[in-house]
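Asks: Relying on the hints, combine the two individually framed chains into one complex.
Protein chains in written order, with the working numbering: chain A, 1 to 437; chain B, 1 to 293.
Treat the hints with caution; some may be incorrect.
Every beta carbon over 12 angstroms from chain A, so not counted as near; a handful from chain B, in silico [said to hold, decoys possible]:
#: 1; residue: P31
#: 2; residue: A32
#: 3; residue: L41
#: 4; residue: L109
#: 5; residue: Q181
#: 6; residue: I183
#: 7; residue: I188
#: 8; residue: R257
#: 9; residue: L272
#: 10; residue: T280
Capping the alpha-carbon separation at 20 angstroms, the derived lysine to aspartate or glutamate pairs in EDC-like fashion look like this [stated by the list, open to error]:
#: 11; chain 1: A; residue 1: K63; chain 2: B; residue 2: E153
#: 12; chain 1: A; residue 1: K359; chain 2: A; residue 2: D333
#: 13; chain 1: A; residue 1: K244; chain 2: B; residue 2: E153
Read the hints as simulated data drawn from the structure, not as lab findings. Treat the numbers as computed from the prediction; the structure is a model and nothing was measured. For glycine and all other residues, C-beta sits at the position ideal for the given N, C-alpha and C.
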Amino acid sequence: MAFRQFGPAAAITAALAFATPAHAVTEIQWWHAMTGGNNDIVNKLAEEFNASQSDYKVVPSYKGSYPDTMNAGIAAFRAGNAPHIMQVFEVGTATMMSATGAIKPVYQLMKDAGEPFDPKAYLPTITGYYSTSKGDMLSFPFNSSSTVMWINKDELKKAGVTEIPKTWPEVFEAAKKLKAAGHATCGFSNAWASWVHIEQFSAWHNVPIGTKANGLDGFDTELKFNSPLHVKHLQNLVDLQKDKTYDYGGRTSTNEARFGSGECAIFLTSSGYYATAKGTAKFDFTSAPMPYYPDVAGAPQNSIIGGASLWVMGGKKPEEYKGVAKFFTFLSDTNRQAKLHQESGYLPITKAAYEKSIKDGFYEKNPTLQTPLKELTNKEPTENSRGLRFGNMVQMRDLWSEEIEAALAGKKSAKEALDAAVSRGNAVLRTFEKTAK
Amino acid sequence: MEKSTVFNNRLLPYLLLLPQLVITVVFFYWPASQAIWQSFLREDAFGLVSEFVGLENYQALFAQPEYYRSMLTTVIFSTLVAALSLSIALLFATQADKNLKAAPAYKTLMIWPYAVAPAVAGVLWFFMFQPSLGMLARPLRGMGLDWNPLLNENHAMMLVVMASVWKQISYNFLFFLAGLQSIPKSVIEAGAIDGARPVRRFWTIIFPLLSPTTFFLLVVNVVYVFFDTFGIIDAVTGGGPAGATTTMVYKVYADGRLGGDLGGSAAQSVVLMVIVIALTAIQFRYVERKVQY
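Bound-form chain B, shown alone (with noise of 0.2 angstroms):
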């Protein structure tokens, strides 16, 4: 009595793919193809006048000691935004999943930061810390601290990752909840039964168990601070001051929109792509090992 249907039809696999496939392609090979070709190329802005000048987009990169800076900004900014808005998110998460009674109320408000557009969350914070006129700059100079992030770089540095975290907590939260409630009470019952306290409950079971949705978080988390919050710096600081919020994808915006030097900026996309490749195979390579499924 093995139910089970044959299909022989020999396309068929194929046909079910195309739809992930053409999108694939046109959404991601074909941009991505484009950008490497045109990081060989010298072009106006208009396209008028178009060369083939070899490697020279990528020696005129290597030789800006202001690249190498955006990539040890980039690394700052990338780690603290994510490590930021995965703990963050993590610990709402484990106060939400608790028997609340306004816990309905408190996880909508906790999502809808998430609806915010990028650019308009980094006018709401550039306002809100606005040196002289900010709502929460004024009691900061007021405590007597010299609030200045448009010549301070930490101050800057600040603004930028708390704008982020902040943007991105509410999709760390959505998953992480999904994850804790998927958890089996029973197991955590057994442990608490078996005289484990909340906190040793939490990283002997609760961690390991939600580590598939903290790896996959990790993935998309690195990918958002690589590639999505050039809408939040342009609006906060302008990758200022002085090239301190600058990030490599801030840079690639700045130089080929702003700049409209197309043949450089398509070439530090591409050296971006090839970054955030490594570094999502090494995650899948390395951190994926230490994934309880």
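Bound-form chain A, shown alone (with noise of 0.2 angstroms):
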């Protein structure tokens, strides 16, 4: 009796829902991980993307934070039922990447969909950490950042440290000086440990964090972070973490309120920490390029991008995808990404924007901004510092910090450490690499 009667209400449900707009609208369902400010900017790119044209509605939505919004993905799509753009965080790539039939890779979907599309136009910085090693674009470039040394300049100056230090020496002489006048619990910290100290370390110093170019050319890729100068640098930060000059500030963002609430007066984090550090740090503040060994050959090189892109999900009609790469389109203009930019504090992602706030003298009033830019065009990437592709690459984090952890606390030396990491690090990997092929 059920049966017989969820045929006619099923009916009547679907003539409802498609009888509704005028004209076939198609619908593309874009879900995300942005919240507060970003979210409204999400909102308001969609909306004015489905107000410039009336053949396609994008929908976004939100569905948690970064790993929450893959995972709801990854259900939905062995579910029959994935959204068509999914944003993903940055070291989801390697997952999304070796998802072969699951994904629609972003230069095939401008292909098919005859939109204009030159790879040359983006940064290379930021497009080389989602696309094939031929140059390919996988995934879409959403919101970029890169990791800046944040200086609370008020402190520094009551400290008696008269310049912002470039080079790792001359950090932790700051600190030290900074500890002496006050700072006992904090001269130093970061968010983000492996991120900082063990990605981005190894990108600025030109060194490899892993084999076949930190893994962008292959998934057999080896882990290589527990060189003599990997060694050499948590040494110094385990040392300077027994007085605090050094305090260890945690896997995630959740210590880098100690910057806002003047405790850290150096502190090493995403650039993207711009708009909550405007909103809640009441002394004069500015970002700083990542500091260096000055004895390292090359080094500052260049650094590598942090944040998220966006996934084009497989199995989807030719109409919806002809959608997307409109939104695509709509996104890489050079007035909207130059806005989006200067307004939310990610990275420009095409190379017109980031002229165009030049020339509009952005960067003058706003130099905060352009340090990460800076950082990432500072040379011409090489093979250690174009990106890297790891595979499960959230677990492997975790694990790297772990190691940081016990080498922090005293319970393992810094090689004993970083030697452990290397080797955990590289059965997750081998594990990876026989579901990838």
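Replies: Printed below as a string of structure tokens:
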């Protein structure tokens, strides 16, 4: 009985669903992980796009944190109803890339849809992260950032540090002065431990994180970040941790507030922290490039990006793909990109948008927002600084951080910790390699 | 004049059992069998490639020193949480059972924390004890204690234990209170007349009569610490520092959901399931003998 009623009911529901729009509007689902002000930006972009034409409707939906969004997308794919566009954080890149068939590469999408698309128009340090070794762009960069060193200028002045430190030894000296001047619990600190001290550190010093161009050229990569330079750096941190000249700030961004509260006057974290710093810091602050060891030849090289990109899921209708392609063209527009960058603090993804922001004189008023761009474009990227692509990177970051913590807590020597991080990481890579084929 | 109804329908008993059976099959046997099957597979996150690998996931699991460490962590964590939440709840319940004016308000306040979701409880404790900003961490630091759950393993463990205990006390409190109220007053009064002091009355009369409740709560609490605490751990420490608060269930979550290693994660949940089944069996076989119904 129940089944007999279900038929007509479903038919009526379906009829209602299809009958409402005056003509067929193709809906494009966009799943993202943006909160607060960034969420508003996402919604505004969708609104503007929907108002600019009448064939497609982009529907953004917030799906929780980055891992949550990715898991929701994966689960939806397994259930056969993936969204068209899914925002995935940079460490999920390898997982998405290896999922041939589950995704539609962006360069393919643009070609099929006949949309004008020149990969050279985009900033190479950003797109390199999301492209194959041949340069084919797989996903569309959306919000990109890089690691910068946030500086509390007022406190530095009080402590008698006249110049913003450029090298690691200078940072250590400045931190000692800060500590002597009353910052007893924190000379300097950072968020995102493994991102800052392993990933960015390696790229910035032009040393490999792993073989095969940090995994960009193949999944049969092996980790290399237990070099003498890495050990020396971690050892320095361990020594300074003892009296809190350096104080560990955790694996994620939860301790960024220690900069805003004034406790830590030097703090390394994402350039995307800008909006929060602007809102919370009651002192004069700025951002500076990451420090480097001056005795390393060629340092500083260039930094790599963090943030997220938009992946197009596979198995959708050509008509829907056309809409996605149009939306990406819409996002790439120079004026829109420049505006997006200047309002949100995200990096501009096209060269034209960067140049426009320079021409507008934007950075003269907002030098903090140019720091990550200067880092990213500091030099032509090498094998070690193009980006990184390791499978199961979320899990790997956690175990790298575990080992850093073990060293800082005095449970292991710096060398033992990094050796363990490398060998445990390699085991994860081998598991991934077997599933990624 | 015997009043009894005879049901001749042979199907009826099964029909009455059916709803419960369906729920058990759908929500327990089905997922459990899925987990067992998945533990023999190696799959990518999207389920595009799936390969039968036999016991390889288990071999890889038992080759990890971190796995044994998480077992030890689980033992420490669950013993602390179960012991503390049971004993503190019992203390509170005996106090609430007295004839107090404010007893209803007191009881309500005690029950509130149970309505807080584990992750929220975790965030709450995380903020109170955040080393530089937490309202409880600052006095600690002010007293000269170098409170640092980000690097100090004991501090991190203390924090997750406190949060998990706090969350569970309400539940235990409710059952203990109900248990206490069902003990006949006459028995206790008889003890009092015989000259037994309150402490002696508690241990020789109340505590034994409460043993069915205590036993039930022991089983429930063990299941709680084994399965339901990963939300708290995730919010408070993320399993750190250096894996010091990575319990077995948190590792299942971290490797499977965050790491995308579904086969390995499934193998871990199967091991965990076997352990909890064994523990429950032991409890029923040995501990229950001491229970006086």
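Asks: For this structure, which hints from the list above don't hold up?
Replies: The structure conflicts with hints 3, 8 and 11, although it agrees with all the remaining ones.
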